[in-house]
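Colleague: Chains as they are written, first to last, in full-length UniProt numbering: chain A, 1 to 342; chain B, 1 to 306; chain C, 1 to 311.
Just so you know, these hints were derived from the structure itself, not from any lab. If you're wondering where the values come from, they're calculated on a predicted model, not measured in any experiment. Check before you lean on any hint, since a few could be wrong.
[Stated by the list, open to error] Computed far set for chain A versus chain B, every beta-carbon distance over 12 Å:
hint : residue
1    : Gly67
2    : Arg323
3    : Ile334
[Said to hold, decoys possible] Some chain A residues judged to face chain B by a derived CB distance under 10 Å, without partners named:
hint : residue
4    : Glu20
5    : Ser28
6    : Phe29
7    : Gly34
8    : Gly74
9    : Met101
10   : Met296
11   : Asn297
12   : Glu301
13   : Trp318
14   : Pro325
[What the hints assert, rightly or not] Heads up, simulated EDC-like pairs for lysine to aspartate or glutamate below, C-alpha to C-alpha not over 16 Å straight-line:
hint : chain 1 : residue 1 : chain 2 : residue 2
15   : C       : Lys28     : C       : Glu61
16   : A       : Lys83     : C       : Glu214
17   : A       : Lys326    : A       : Glu246
18   : A       : Lys150    : C       : Asp299
19   : A       : Lys326    : B       : Glu12
20   : A       : Lys138    : A       : Glu246
21   : A       : Lys112    : A       : Glu128
22   : A       : Lys326    : B       : Glu139
Cβ coordinates follow ideal geometry from the N, Cα and C atoms, glycine included.
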Amino acid sequence: MSEILEVKDLSVSFDTYGSEVKAVRNVSFQLMKGETLAIVGESGSGKSVTAQSIIRLVPTPPGKFIGGEIRFNGEDLLQKSEKQMESIRGKEISMIFQDPMTSLNPTMTIGKQIAEGLMKHQNMSKKEAHLRGIQLLKLVGIPTPEVRIKQYPHQYSGGMRQRAMIAIALSCNPKILIADEPTTALDVTIQAQILELMRQIQEEMGTAIILITHDLGVVANTATRVAVMYGGKIVETGMVDEIFFEPKHPYTWGLLGSMPKLDKEQEELQVIPGSPPDLADPPTGCPFVTRCPYAMNVCGEHMPSDTSVSSTHEAACWLLDERAPKVDIPESAIVGGNDIYV
Amino acid sequence: MEHRQLKEIDFEPLHLKQSEAEKIVGESTSYWKDAWRRFRKNKLALFGIIIILLLAVLAIMGGPISGHNYYENQLLEANQPPSGTHWFGTDNLGRDVFARTWYGAQISLFIGLMAALIDLIIGVIWGAVAGFFGGKVDEILMRIADVLYGVPYLLVVILLLVVLPQNLWTLIIAMTITGWINMARIVRGQVMQLRSEEFIMASRSLGASNTRILRKHLIPNSLGPILVTLTLTIPSAIFTESFLSFLGIGVQAPLASWGTMSSDALPALQYYPNQLFFPAVFICLTMLAFNVIGDGMRDALDPNER
Amino acid sequence: MIKYLLKRIGYIILSLFLIITVTFILMKAAPGGPFASERASTPAIEAQMNEAYGFNDPIHEQYFSYLINAFTFDFGPSFKYVGQEVTEIIGRSFPYSLILGLEAIFIAISIGVLLGVIAAVKHNKFGDYLAMVIAVLGISVPSFIMAAILQYIFAIYLQVLPIARFESFAHTILPAAALATTPLAFIARLMRSSMLDVLNRDYIKTAKSKGLSERVVTYKHALRNAILPVVSYLGPLVVSILTGSFIIEKIFGIPGLGSEFVVSVTNRDYTVIMGTTVFFSVLLLVSILIVDLIYGLIDPRINVTSKEGNK
Chain A
1 MSEILEVKDL
11 SVSFDTYGSE
21 VKAVRNVSFQ
31 LMKGETLAIV
41 GESGSGKSVT
51 AQSIIRLVPT
61 PPGKFIGGEI
71 RFNGEDLLQK
81 SEKQMESIRG
91 KEISMIFQDP
101 MTSLNPTMTI
111 GKQIAEGLMK
121 HQNMSKKEAH
131 LRGIQLLKLV
141 GIPTPEVRIK
151 QYPHQYSGGM
161 RQRAMIAIAL
171 SCNPKILIAD
181 EPTTALDVTI
191 QAQILELMRQ
201 IQEEMGTAII
211 LITHDLGVVA
221 NTATRVAVMY
231 GGKIVETGMV
241 DEIFFEPKHP
251 YTWGLLGSMP
261 KLDKEQEELQ
271 VIPGSPPDLA
281 DPPTGCPFVT
291 RCPYAMNVCG
301 EHMPSDTSVS
311 STHEAACWLL
321 DERAPKVDIP
331 ESAIVGGNDI
341 YV
Chain B
1 MEHRQLKEID
11 FEPLHLKQSE
21 AEKIVGESTS
31 YWKDAWRRFR
41 KNKLALFGII
51 IILLLAVLAI
61 MGGPISGHNY
71 YENQLLEANQ
81 PPSGTHWFGT
91 DNLGRDVFAR
101 TWYGAQISLF
111 IGLMAALIDL
121 IIGVIWGAVA
131 GFFGGKVDEI
141 LMRIADVLYG
151 VPYLLVVILL
161 LVVLPQNLWT
171 LIIAMTITGW
181 INMARIVRGQ
191 VMQLRSEEFI
201 MASRSLGASN
211 TRILRKHLIP
221 NSLGPILVTL
231 TLTIPSAIFT
241 ESFLSFLGIG
251 VQAPLASWGT
261 MSSDALPALQ
271 YYPNQLFFPA
281 VFICLTMLAF
291 NVIGDGMRDA
301 LDPNER
Chain C
1 MIKYLLKRIG
11 YIILSLFLII
21 TVTFILMKAA
31 PGGPFASERA
41 STPAIEAQMN
51 EAYGFNDPIH
61 EQYFSYLINA
71 FTFDFGPSFK
81 YVGQEVTEII
91 GRSFPYSLIL
101 GLEAIFIAIS
111 IGVLLGVIAA
121 VKHNKFGDYL
131 AMVIAVLGIS
141 VPSFIMAAIL
151 QYIFAIYLQV
161 LPIARFESFA
171 HTILPAAALA
181 TTPLAFIARL
191 MRSSMLDVLN
201 RDYIKTAKSK
211 GLSERVVTYK
221 HALRNAILPV
231 VSYLGPLVVS
241 ILTGSFIIEK
251 IFGIPGLGSE
261 FVVSVTNRDY
271 TVIMGTTVFF
281 SVLLLVSILI
291 VDLIYGLIDP
301 RINVTSKEGN
311 K
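The following block holds chain A by itself, in its conformation from the complex (with noise of 0.2 Å):
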């Protein structure tokens, strides 16, 4: 497989009354061709951020990137000029959102909006562009679509209205898709379908898809990869198998146990104590050391760096460094197979 993205220490904070908040801190990963990479974390860890950056759609201001690249074909995204961003937007790299329900243009038919970007990126005709909609919809399960691409968004339900976002969004068959937490606002029976189709497309036109969700049901079914973020970093990235059956990093073990599991007896479900770290003034050391039952004099000073564990595996802690005392990951962490494969 290759490389097809690759995110170099990316920076990213955000100006707000007097104070900078520094939403991605030095982040860097990859995506493979034809991969699903989860990226992990509890609102404010910074993952929607760093996918938005991906496409530069993060408002500057506020916004600002403060450092790092984003590599895709070779060249720098945070490079390009806005007009240059303009034609990979959509056409290589598109995007869809968390809640169907405000994420298309009110007063437009669906098929208009399917049409805004096959005429833009691949010279379509008026017409063409329509032909071309009604198969998109067909493509993404939307029962007659001849009649529904004349449609607006308010006569569509919330899952169809997802389903018309991926279709716009596969339009142009993008060499990747991201999708910020597209089955949140979407029942339990529909998010099961909506990830269905995405794994579906994924084998058809071999996009890879960049998957920010802070569901791990979500990511067990559909990631190969994950990367866990917690105050702005990356924390633990890994196979999703290393990420379920050998987590390595303090967060990522109370992310586990605070998943609910078919095959133990749980009296309740654990909870991580504490509130993710001011931004604005991160701590110097670890970001999750005030919250770590497993804390060491080191963390509060010092930033752990990435240690592998395997060669797809690695993790940002200082338990794993060789002084440190051995730790068992804890009972409620574990997971066993029947937990995450429904």
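With chain A's structure known, arrange chains B and C on it following the hints.
Modeller: Using the frame of chain A, we list chains B and C on its own:
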């Protein structure tokens, strides 16, 4: 590894207290403190407050310090330009424009404040009752408000002024007869929205009584929009008064307001623009000041709206 | 659609009925009969006049005949201008007001929307501050003072436009501009906040993520959504232009319906007051209906036929 100099001691467990993990990051400030901080930053709104205070002082002190009164005709001294004796000049009947301007300020400000205050009282009660009880009560009260709201405000006021005997109080009554509806709608909307808000439900489910909810949640939370509406009602009431007086159906002679002064000065605009200049500038300045204060308050009190 | 229209027209007739009834009661309650004012007339003549105008009939008969007349748009003769029918006065003066009003509406909407869009697109930059300074001044300067300022600058000082009266297009510029000031400023503020709100919506991000240019996103996606509040403001806009015409027509000496109304109020010319009030009401109710229909055309979410209770 870059941290070679680390010692064994660094890998001792760090004993954090639970309370420290739970401590809230960032200073929490109260709503009003926060609002005041934002308002203070708004230079324009502070400027507006200073203007209003100055105008209020002049309205009270202006007449006495001028050494003239607002009604005395001195036809020999008619239409004079500003001078040492008549600071703003005199009008076509030889009356001192400076004294008249500040006397007019009293009338204009009094009517504006009074009308806004009456609108506030009726509107808050009407809207709060409708919003709090909901159902049939709400239906009836708001239907009445809707019907009244459908009729153009100034038209109603003018028709009423045809019927009512003409004095200051009937003017205020005519102005408030439908003026309160805006306030009522805002208060009702606010109360309705708050009533269904989850924190009210949470507090209700914790066994809070109606009065407690009203006192602790509804009033403090709707105070912001009420204050903003009140501030923005004052300039519109001042405008209405000057509009009616300009047409000759508002404040009647010998009383003077900025509106009547503007109206009197208009025919001689070509020759004596100074006679119109003073009342006009002060009407605009007052409305401007109240408008920027209102805007500043809205920005400060509603963090979502920016 | 037909059903909806009929229903709306039904409501309009109901509202009119209410307005006519209330004005009738108000005029009856008015102090001093129409002939009791300044003209010193003998009681005998007054009685004769009252008889001629039907004032001696029982009140309910007066009311019913008035109601019938009102719906057939016959308000009888003016009290003050002998030999002139109210309908005649309205027919003569309304065209002036209509031209002036349409011109003012055009100025208010086009410049207001433009200023608002500039302010939103240049948010927190010079263009925004300038547009908002203009807007806050526009709201703070009453139309009659704006009229005087315009007259002084353009007619007296620069002498490029006529100061008053209504004889050519040039004559309409100043009054229309004065009439448009406040609504223009209001529309600019409305448009700015609505545009800022829309530009932060998710669907704008979607449009950008499709690779559309800033210009297409702003004008094709944002503008159409952002203009909706301005469309709902059209009703109040008509009211504002109409009441503004009372004062502006007086200042500029335009023989329009607004100045006729004001004159009839100061003269206590009851038939003219009632006639113009009813006419204004019809005008407003019809324009509000038209505005609602336009709104339904622009916003596909609103289905006019099932819109009841939506507003």
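Colleague: None of the hints should be skipped; say for each whether it holds.
Modeller: Evaluated hints:
1. Gly67: Nearest chain B Cβ is 19 Å from Gly67(A), so the label holds.
2. Arg323: violated (5 Å)
3. Ile334: holds (22 Å)
4. Glu20: violated (14 Å)
5. Ser28: violated (16 Å)
6. Phe29: violated (21 Å)
7. Gly34: With Cβ-Cβ at 35 Å, over 10 Å, it is violated.
8. Gly74: Check failed: Cβ of Gly74(A) comes no nearer than 30 Å to chain B, outside 10 Å.
9. Met101: This interface hint is violated because 19 Å lies over the 10 Å limit.
10. Met296: With Cβ-Cβ at 5 Å, under 10 Å, it holds.
11. Asn297: Where the cut-off is 10 Å and the nearest Cβ of chain B is about 5 Å from Asn297(A), the hint holds.
12. Glu301: Cβ of Glu301(A) sits 8 Å from chain B, so the hint holds.
13. Trp318: holds (7 Å)
14. Pro325: holds (7 Å)
15. Lys28(C) - Glu61(C): holds (13 Å)
16. Lys83(A) - Glu214(C): holds (9 Å)
17. Lys326(A) - Glu246(A): holds (15 Å)
18. Lys150(A) - Asp299(C): Holds, at about 15 Å.
19. Lys326(A) - Glu12(B): Answer holds: Lys326(A) to Glu12(B) is near 12 Å, not above 16 Å.
20. Lys138(A) - Glu246(A): violated (41 Å)
21. Lys112(A) - Glu128(A): holds (12 Å)
22. Lys326(A) - Glu139(B): violated (69 Å)
Hint check: violations occur at hints 2, 4, 5, 6, 7, 8, 9, 20 and 22; the rest are consistent with the structure.
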